[in-house]
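> These are the residues of each chain, in order.
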Amino acid sequence: MRRRWIAPSAVVWLLVAAAFFLIPLIALLLFSLKSIQTGKCCSGAAYSYVIDDPQFLDTIRLSFQLSLETIAISLLLFVPTVYWVHLKLPRFRPVLGFIALVPFVVPPIVLVVGLLDLYKGAPEWFYAKPYGFLAAAYVILAFPYMFFALDAGFRSIDVHTLTEASQSLGASWLTTLVRVILPNIRVAALGGSFLTLAIVMGEFTMASLSAFRTFPTYIQLVNESQPYAAAALSLLSFLIVWVAMLALLFVGRGRPRPAQLAATR
Amino acid sequence: MHQPYLDQYWLTIKISLITAGAGCVLGLAIAYAVIREGTPRFLRTILTTFSGVAANFAGIPLAFAFIATLGTIGIVTTFMRDHLGFDPYAHGFNLFTQTGVELTYMYFQIPLMILVIAPAIDGLRQEWREAASNLGASSWQFWRHVGIPVLLPSILGAFILLFGNSFSAYATAYGLAGNGVFLIPITIGFYYSGNVLSDPHLAQALAFGMFVVLAVMMLLYIPLQRRSARWMR
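Chains as they are written, first to last, in my numbering: chain A, 1 to 265; chain B, 266 to 498.
FYI, nobody ran anything at the bench for these hints, they're computed from the structure. Quantities reported herein were computed from a predicted structural model and do not represent experimental measurements. Glycine included, C-beta positions come from ideal geometry on N, C-alpha and C. Hints may be right or wrong, so weigh each one.
To be verified - Distance ranges between label pairs, derived from CB positions:
(1) A:P8 <-> B:Q391: 12 to 22 Å
(2) B:I487 <-> A:Q37: 50 to 60 Å
(3) B:P269 <-> A:F98: 56 to 66 Å
(4) A:L221 <-> B:I338: 14 to 24 Å
(5) A:I73 <-> B:P269: 39 to 49 Å
(6) A:I73 <-> B:F473: 34 to 44 Å
(7) A:F64 <-> B:D387: 31 to 41 Å
(8) B:P305 <-> A:F20: 48 to 58 Å
(9) B:P269 <-> A:T81: 36 to 46 Å
Based on the provided sequences and hints, a complete structural model is requested.
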């Protein structure tokens, strides 16, 4: 009973899905092309407003720098940790897996309320700067995605043999980690990094409650006076997620897929 | 507990239950439509890639996409008003209410369901289907006695995941309705973001309540996860 043609009900479902998912994106595009004065199609005014606004570059740069900082801290912290756990403390792996579920149980809105209170007495250079407080919060937020990606990467290689081979040739721990282990888990590390990039570029809740002006909070601010420009920025935000996800698929070709979920809603 | 907050917890839970339920049903139907025999392979690649993006496209930009579509001057709203002679806003529809929030949440709930359930549907082996039909079972009997029972732990697990997903959402609802729809995350944000009515301790108490709800959900999720792993190789 092998079917040769696509089932009619499948066609209906897929068309409904396509309409539901594509119409908002098309509407976003049309909305961003409306003229600021007349509200009619088509004009590039919303786009030139965005490009002329110095805050646009500032905020997108800040968000990008925060992503890079979060990725760097996460990799520095978690690559050696997950390596060590796989090598020496395999019993500890479920514990890490359980800790990685915590950011799911504690949503960003709850986490940021807790963190703002916890760090209240912290020095100015940390608490009042996005590079301090916000980056620390994002490392927590990114932990599950980084952990599951790295964990899958380490599971697919033979950590023990690689380590023993490297050490019997006289390599130090650092050399082993950087020149033997790291190249072997490169795909997993890149996968986790692209997910982290997608999270941080779109994160609104924490940035808004701690009153930092990142890219998503800037979109919200623009919307108060320029809804068409906000539509243009939203479209850009969608493209950033697309690029990050395509990059994720591209580095992971032919390998087990890393987790693909990274949103902050 | 003060009555309004109890109502807000209830509203948040209700929206989460509705969008999780609808997300499970629609996500399952779409995932099955694309995975089943006869559908070209490339459609599945497109759908899963897009789901990965859509599940991550949330928050402020998603809210604005829906405002551009179904807001008072949204593209679809004006199209219906000018060309079809039907004004949804004159017939009780309003994007900036509970219904609108639910509709918008579906944009990340359905893709999440597709991503989570696709491996489980792959686990429904073609041989089972053939065995059932060799024994004379109808399509309905196959689903009733084989398909749904095998998928059930995965579906329940996905339901809990979707519930948590929508329960903890803040940015999307905020972008859509500002402080207008009284969800618990919105109230926490309102009491925390340094306005005249700022009351951080109240916000902390409300946040702890959210944590309790989600912790209970997670305790239900872990055993379901173990059970659904049984059928997947």
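> Any hints from earlier that this structure breaks? Give me their numbers in increasing order, please.
3, 6, 8
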